[in-house]
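Chemist: When you get a sec, could you build the whole thing from the sequences and use the hints?
Each protein sequence line maps, in turn, to chains A and B.
Numbering follows the numbering used here, in which position 64 of the first sequence is assigned residue number 64; successive positions increment by one, without gaps.
Numbering follows the numbering used here, in which position 198 of the second sequence is assigned residue number 198; successive positions increment by one, without gaps.
Keep in mind that the hints are not guaranteed to be accurate.
To be verified - Distance ranges between label pairs, derived from CB positions:
| no. | chain 1 | residue 1 | chain 2 | residue 2 | range |
| --- | --- | --- | --- | --- | --- |
| 1 | B | ALA267 | A | LYS99 | 24 to 30 Å |
| 2 | A | THR83 | B | GLU146 | 37 to 43 Å |
| 3 | A | THR66 | B | PRO210 | 24 to 30 Å |
| 4 | B | GLY248 | A | SER27 | 56 to 62 Å |
| 5 | A | THR66 | B | GLY177 | 21 to 27 Å |
Unchecked claim - No more than 25 Å apart at the CA atoms, straight line, and that leaves these computed lysine-lysine pairs for BS3-like:
| no. | chain 1 | residue 1 | chain 2 | residue 2 |
| --- | --- | --- | --- | --- |
| 6 | A | LYS99 | B | LYS99 |
| 7 | B | LYS141 | A | LYS36 |
| 8 | B | LYS60 | A | LYS33 |
Unchecked claim - Every beta carbon over 10 Å from chain A, so not counted as near; a handful from chain B, in silico:
| no. | residue |
| --- | --- |
| 9 | LEU129 |
| 10 | GLU134 |
| 11 | THR143 |
| 12 | VAL144 |
| 13 | LYS155 |
| 14 | HIS158 |
| 15 | GLY177 |
| 16 | TRP206 |
| 17 | GLU220 |
| 18 | GLY230 |
| 19 | LEU243 |
| 20 | LYS245 |
| 21 | VAL246 |
| 22 | ASN249 |
| 23 | GLY266 |
| 24 | LYS291 |
Hints in this document: simulated from the structure, not taken from any laboratory.
Positions of the beta carbon are idealized from the N, C-alpha and C atoms, including for glycine.
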Amino acid sequence: MKIRIAVMIGLVLSGSMMAGHALAARSAAVGIKEFKFAPTALEIRTGTTVTWTNRDEETHTITSATGAFASAGLGNDETFAQTFTRPGTYEYFCALHPKMRATVIVK
Amino acid sequence: MDRIDRRGFLECMAWTGSALVWTSTGGVLSSRMVRPAEAAEDTAGAFSFVQISDTHIGFKGQANSDSAATLQQLLDRINALRPAPAFVLHTGDQTHGQKPGAFDTLAEMLKGVKTERIFYVPGEHDVFLDGGKEYLTRYGKGTVGEHGWQSFDYKGTHFVGLVNVLKYKGEGMGALGQDQIEWLEKDLAPLPTSTPVVVFAHVPLWAVYPQWGWVTEDAERALTSLKRFGSVTVLNGHIHQVLTKVEGNVKFHTAMSTAFPQPAPGAAPAPGPMKIPETDARRMIGVTEVKLVRGTEPLAIVDSTLG
Numbered sequence: 001m002k003i004r005i006a007v008m009i010g011l012v013l014s015g016s017m018m019a020g021h022a023l024a025a026r027s028a029a030v031g032i033k034e035f036k037f038a039p040t041a042l043e044i045r046t047g048t049t050v051t052w053t054n055r056d057e058e059t060h061t062i063t064s065a066t067g068a069f070a071s072a073g074l075g076n077d078e079t080f081a082q083t084f085t086r087p088g089t090y091e092y093f094c095a096l097h098p099k100m101r102a103t104v105i106v107k
Numbered sequence: 001m002d003r004i005d006r007r008g009f010l011e012c013m014a015w016t017g018s019a020l021v022w023t024s025t026g027g028v029l030s031s032r033m034v035r036p037a038e039a040a041e042d043t044a045g046a047f048s049f050v051q052i053s054d055t056h057i058g059f060k061g062q063a064n065s066d067s068a069a070t071l072q073q074l075l076d077r078i079n080a081l082r083p084a085p086a087f088v089l090h091t092g093d094q095t096h097g098q099k100p101g102a103f104d105t106l107a108e109m110l111k112g113v114k115t116e117r118i119f120y121v122p123g124e125h126d127v128f129l130d131g132g133k134e135y136l137t138r139y140g141k142g143t144v145g146e147h148g149w150q151s152f153d154y155k156g157t158h159f160v161g162l163v164n165v166l167k168y169k170g171e172g173m174g175a176l177g178q179d180q181i182e183w184l185e186k187d188l189a190p191l192p193t194s195t196p197v198v199v200f201a202h203v204p205l206w207a208v209y210p211q212w213g214w215v216t217e218d219a220e221r222a223l224t225s226l227k228r229f230g231s232v233t234v235l236n237g238h239i240h241q242v243l244t245k246v247e248g249n250v251k252f253h254t255a256m257s258t259a260f261p262q263p264a265p266g267a268a269p270a271p272g273p274m275k276i277p278e279t280d281a282r283r284m285i286g287v288t289e290v291k292l293v294r295g296t297e298p299l300a301i302v303d304s305t306l307g
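Modeler: Okay, here's the thing in structure tokens:
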């Protein structure tokens, strides 16, 4: 009896650990500072949620070059999140400062 | 504010002035704003107007915790001018990031300005979210094709408001577009060369610092159509500091913001708001008064800071 319970507990624990590890791989971050996206080329797996955080006081946007996604104007410390469900290379720029360009590469 | 239609506005202006010699007085002159002696300068034909720029309603940062408050203090200074300015030009970036409510807040505040009329051109902050839809709904009426550009005459001086933030893509510089340039050429064509011309637009029409987008990529043809005039003044905003340049008969002048200063070209990694204490920033924000005195006396451009 005791052994069976122990085995069951062991299985439940390892299951949740696996789920935790999978979640960590599904999110990524891009920082915006001094009018630059960092990293400029972000490589992720499908299903990952990317969160951009604006560290500048100036407003910036995350605007897809193809119209796939577009944030509102982000103020200081404001964020925007986008989940990428399809592989591809997603170019984006800031609508206020179009020289600010970067990509998300989804594999 | 009551809308005076263009014909009525022009009919008020009976004076035909003589040609002007242009000089400018830049820099910090905070005491000039309220001098009793200025009342004596209100001779026939003399007038002044005020340029405010980059009010960035909605901005809150290190250099300014309340952009509406600093604007109100500057509007109070404008209302203390004697004589009152004939009109006010707002050269764009009314809002900070088209923040909800910001357009309304500014419109409400400007109702308290003691002047006949306010003219507007947009900044990129006013149009980037929706290609200018909200801005033009509010300020497009009465402009050419409701596109936002416009011209008017006041006491013999021709004023032209240009929009250089709606084609704001690609290299991230200002751009006028073919339609507007062609309209400008036609608009200027009938004017005698002796007509003083004042052009106002958000992004500088001269190459202040292209690396930061502080230039209008197709301004060359527009500036060519202005070259024949005896005196041209170009008033811009966008860079949140006073810079001037003279090229032949054309005098370029950029205004301070009423909200926050930006670094000198190349003096920082990027052109955003300077991160300095508010007390320091007060000395770097302000408004511009342009006085036109009759005869051959100089036209004075006076920049005044809040602190």
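Chemist: The structure should be examined with respect to each hint, and the outcome stated for every one.
Modeler: Each hint tested on the structure:
1. B:ALA267 x A:LYS99: 24 to 30 Å: violated (18 Å)
2. A:THR83 x B:GLU146: 37 to 43 Å: 39 Å Cβ-Cβ, so the 37 to 43 Å window holds.
3. A:THR66 x B:PRO210: 24 to 30 Å: holds (27 Å)
4. B:GLY248 x A:SER27: 56 to 62 Å: holds (58 Å)
5. A:THR66 x B:GLY177: 21 to 27 Å: Since the Cβ atoms of THR66 (chain A) and GLY177 (chain B) sit about 23 Å apart, the hinted range of 21 to 27 Å holds.
6. A:LYS99 x B:LYS99: holds (22 Å)
7. B:LYS141 x A:LYS36: violated (37 Å)
8. B:LYS60 x A:LYS33: holds (17 Å)
9. LEU129: violated (6 Å)
10. GLU134: holds (12 Å)
11. THR143: The claim holds: THR143 (chain B) sits with its nearest Cβ about 23 Å from chain A, beyond 10 Å.
12. VAL144: holds (25 Å)
13. LYS155: holds (37 Å)
14. HIS158: Its Cβ never comes within 10 Å of chain A, the nearest being 32 Å, so this holds.
15. GLY177: The claim stands: GLY177 (chain B) keeps its Cβ more than 10 Å from every Cβ of chain A (closest is about 16 Å).
16. TRP206: holds (19 Å)
17. GLU220: holds (21 Å)
18. GLY230: holds (37 Å)
19. LEU243: holds (19 Å)
20. LYS245: Consistent with the label, LYS245 (chain B) stays out of reach of chain A, its closest Cβ about 23 Å off (over 10 Å).
21. VAL246: Holds, because the least Cβ-Cβ distance between VAL246 (chain B) and chain A comes to about 29 Å, which exceeds 10 Å.
22. ASN249: Answer for ASN249 (chain B): holds, closest chain A Cβ roughly 33 Å.
23. GLY266: Consistent with the label, GLY266 (chain B) stays out of reach of chain A, its closest Cβ about 13 Å off (over 10 Å).
24. LYS291: holds (33 Å)
Hints 1, 7 and 9, counting from the list given before, are not met by this structure.
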